[in-house]
Amino acid sequence: MTSRNFVWWGIFTITGIWLQQLVPGVDFLIPGLLYALQERNIPQLAWILPAFVLIQEGLGSLDFGAVILWYLTAIFVFMVGHWIFQAENWLFILMVSALTAASHYMVISLMCSLQALSFDRSLLLHDSVIQAALIPFVWKLASVSRRKVRLHEDSA
Amino acid sequence: MNPKRLLLLPALALLLFLGIYTWNQRTESLDSTAMNTGLEASGAVLKSIQGVRTTITEIWTRYLDLIGVREENELLKKQIAELQARLTMTTEDRAELLRLRSLLQLPPPENWQALGCRVLGRRIGPNSPLITITIGRGYLTGSTPETPVMTTAGVAGMVLRAGPHMSTALLLTDPGTRIAVITQKSRIQGILAGTGQFNPLELNFIPYNAPIESGELVVTSGMDGIFPKGLPVARVSAVSSSDLGAFLSVQATPIADLSTLEEVILLVRKPDSLLTPSSPTDIRKDAAAEQK
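Protein chains in written order, with my numbering: chain W, 1 to 156; chain P, 157 to 448.
For the record, the hints were derived by calculation from the structure and aren't laboratory data.
Keep in mind it's a predicted model, so treat the numbers as computed, not measured.
Don't take each hint at face value.
[What the hints assert, rightly or not] If you want a taste of the chain W side facing chain P, the calculated C-beta under 8 angstroms gives, among others: (1) Ile14; (2) Gln21; (3) Glu57; (4) Ser61; (5) Leu62; (6) Asp63; (7) Val67; (8) Met79; (9) Ala102; (10) His104; (11) Cys112; (12) Leu117; (13) Phe119.
[Stated by the list, open to error] Output of the computed footprint for chain P on chain W, the stretches with three or more beta carbons under 8 angstroms from beta carbons of chain P: (14) 25–32; (15) 123–132.
[To be verified] Selected chain P positions facing chain W (Cβ under 7 angstroms, derived; list incomplete): (16) Trp179; (17) Ile280; (18) Thr288.
Note that CB positions come from ideal geometry on N, CA and C, so glycine has one too.
Next up, chain W with everything else stripped away, as it sits in the complex (with noise of 0.2 angstroms):
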């Protein structure tokens, strides 16, 4: 991995932890994560999932193992997505924001029935679909700026 991927990288998770205070109840990293597995790179997918998962589970109010759920959730999305889809197809890129938001809204109403945890759903219902409209837009905006870093490592 070159320096400018990991720096690029760095400042994606600096600016989505940023937003994320910003923006309450709301995942920044995962259009990252979902960039990341468009890229087909195993070694820096390797490294990029612990560190979300770390973040994010750091930063809730759950007992450790929503996000890792919630996470390999949308990975399954996104893997049987590409199994129909071209990854670069928008509607693809629509179905994959709505079902992962979708299944936020479950997994977390999920674990907090096996922590035996009052919360708000309206709210909850609120973040997933705040969620769903947020995906798309980091999601390609994530992927403009990449272009350059990508283009960079495959002169390199």
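Place chain P on chain W using the hints.
Same frame as chain W, now just chain P:
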């Protein structure tokens, strides 16, 4: 990809997840790892961003945004002259007020210490369905789970999870919050519960014939062993008869403004106030001394 493989992989992943989840529920190792790494790293990022934002705001307000400063300066000079005249007139009143206040002042909660800290964000990330804030103190700097969190107005919540230098605190409005309280005037004990971010609090287990009134102050009773007694928490906003018969349905509004928290106060027990558990050797020595 082969459809069989596509189904087998998630099944294996789910099994692995269940194993890890169960193991973590017993040991809490992964929870503490996430708090010590993820929360700390994110906290460092958030603190740095807040520092940069404060610096930029200060530079802007002190040096760049100087429109109308001359007019404002003259107005302020006038106001200072007026205030100085008023201050001279009220010096005697103030001295009397201080004397009376010292007579009436209640002692601060015994064996408790107040620590200030910044609020870095609220409900950060997708794993935050509970109504929480992230604060800039951790177990190394005085914040441990169940530490009371306050504003200058009243109780805001309590610490839920703590990393080394960062913590997550549960606010009063979260549906999982329960605080043992007492009404200040009618001295009726109850349990104050949150019902959601934009909903009023519920004061539960208030007897049907209790003389509770709208506008009455609700303070902590100290019965939960978490909050010291007498901290203002909420004000009764509505009282009506409940369908359950034996109890009144009482709603309350938090005293602290929970929507605009920037700094909070943590109430920490002083170390010497904690009961230190005795070791078996100490117990034996004590028993022997008692026999003698």
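Here is how each hint holds up against the structure:
1. The criterion of a C-beta within 8 angstroms of any C-beta in chain P is met by W:Ile14, whose closest approach is roughly 5 angstroms, and the hint holds.
2. Nearest Cβ of chain P to the Cβ of W:Gln21: about 4 angstroms, under the 8 angstroms cut. The hint holds.
3. For W:Glu57, the suggested interface contact is upheld, since its CB lies about 4 angstroms from the closest CB of chain P, less than 8 angstroms.
4. Below 8 angstroms, beta-carbon pairs count as interface contacts, and W:Ser61 has one with chain P at about 4 angstroms; its hint therefore holds.
5. Annotation: interface hint on W:Leu62 holds; nearest CB of chain P at approximately 6 angstroms, less than 8 angstroms.
6. A least Cβ separation of about 6 angstroms between W:Asp63 and chain P falls short of the 8 angstroms threshold, and the interface hint therefore holds.
7. Nearest Cβ of chain P to the Cβ of W:Val67: about 5 angstroms, under the 8 angstroms cut. The hint holds.
8. Here the hint on W:Met79 is kept, as its CB sits about 7 angstroms from the closest CB of chain P, short of 8 angstroms.
9. Checking W:Ala102 against chain P: minimum C-beta separation of about 13 angstroms lies over 8 angstroms; hint violated.
10. The criterion of a C-beta within 8 angstroms of any C-beta in chain P is met by W:His104, whose closest approach is roughly 6 angstroms, and the hint holds.
11. Because the smallest distance between the Cβ of W:Cys112 and any Cβ of chain P comes to about 6 angstroms, under 8 angstroms, the interface hint for this residue holds.
12. Because the closest C-beta pair between W:Leu117 and chain P is about 6 angstroms apart, less than 8 angstroms, the hint holds.
13. Hint on W:Phe119 holds. Least Cβ distance to chain P is approximately 4 angstroms, under the 8 angstroms limit.
14. For the stretch 25–32 of chain W, the stated coverage by chain P is satisfied: 4 residues place a CB nearer than 8 angstroms to a CB of that chain, which reaches the threshold of 3.
15. Figure legend: the stretch 123–132 of chain W, annotated as covered by chain P; annotation consistent (4 residues with Cβ-Cβ distances under 8 angstroms, at least 3 required).
16. The closest approach between the C-beta of P:Trp179 and any C-beta of chain W is roughly 10 angstroms, which is over the 7 angstroms cut-off, so the hint fails.
17. With its C-beta approaching chain W no nearer than about 5 angstroms, P:Ile280 sits inside the 7 angstroms limit, and its interface hint holds.
18. At about 5 angstroms, the closest approach between the beta carbon of P:Thr288 and any beta carbon in chain W falls short of 7 angstroms, and the interface hint on this residue holds.
In this structure, the hints that do not hold are numbers 9 and 16, in rising order.
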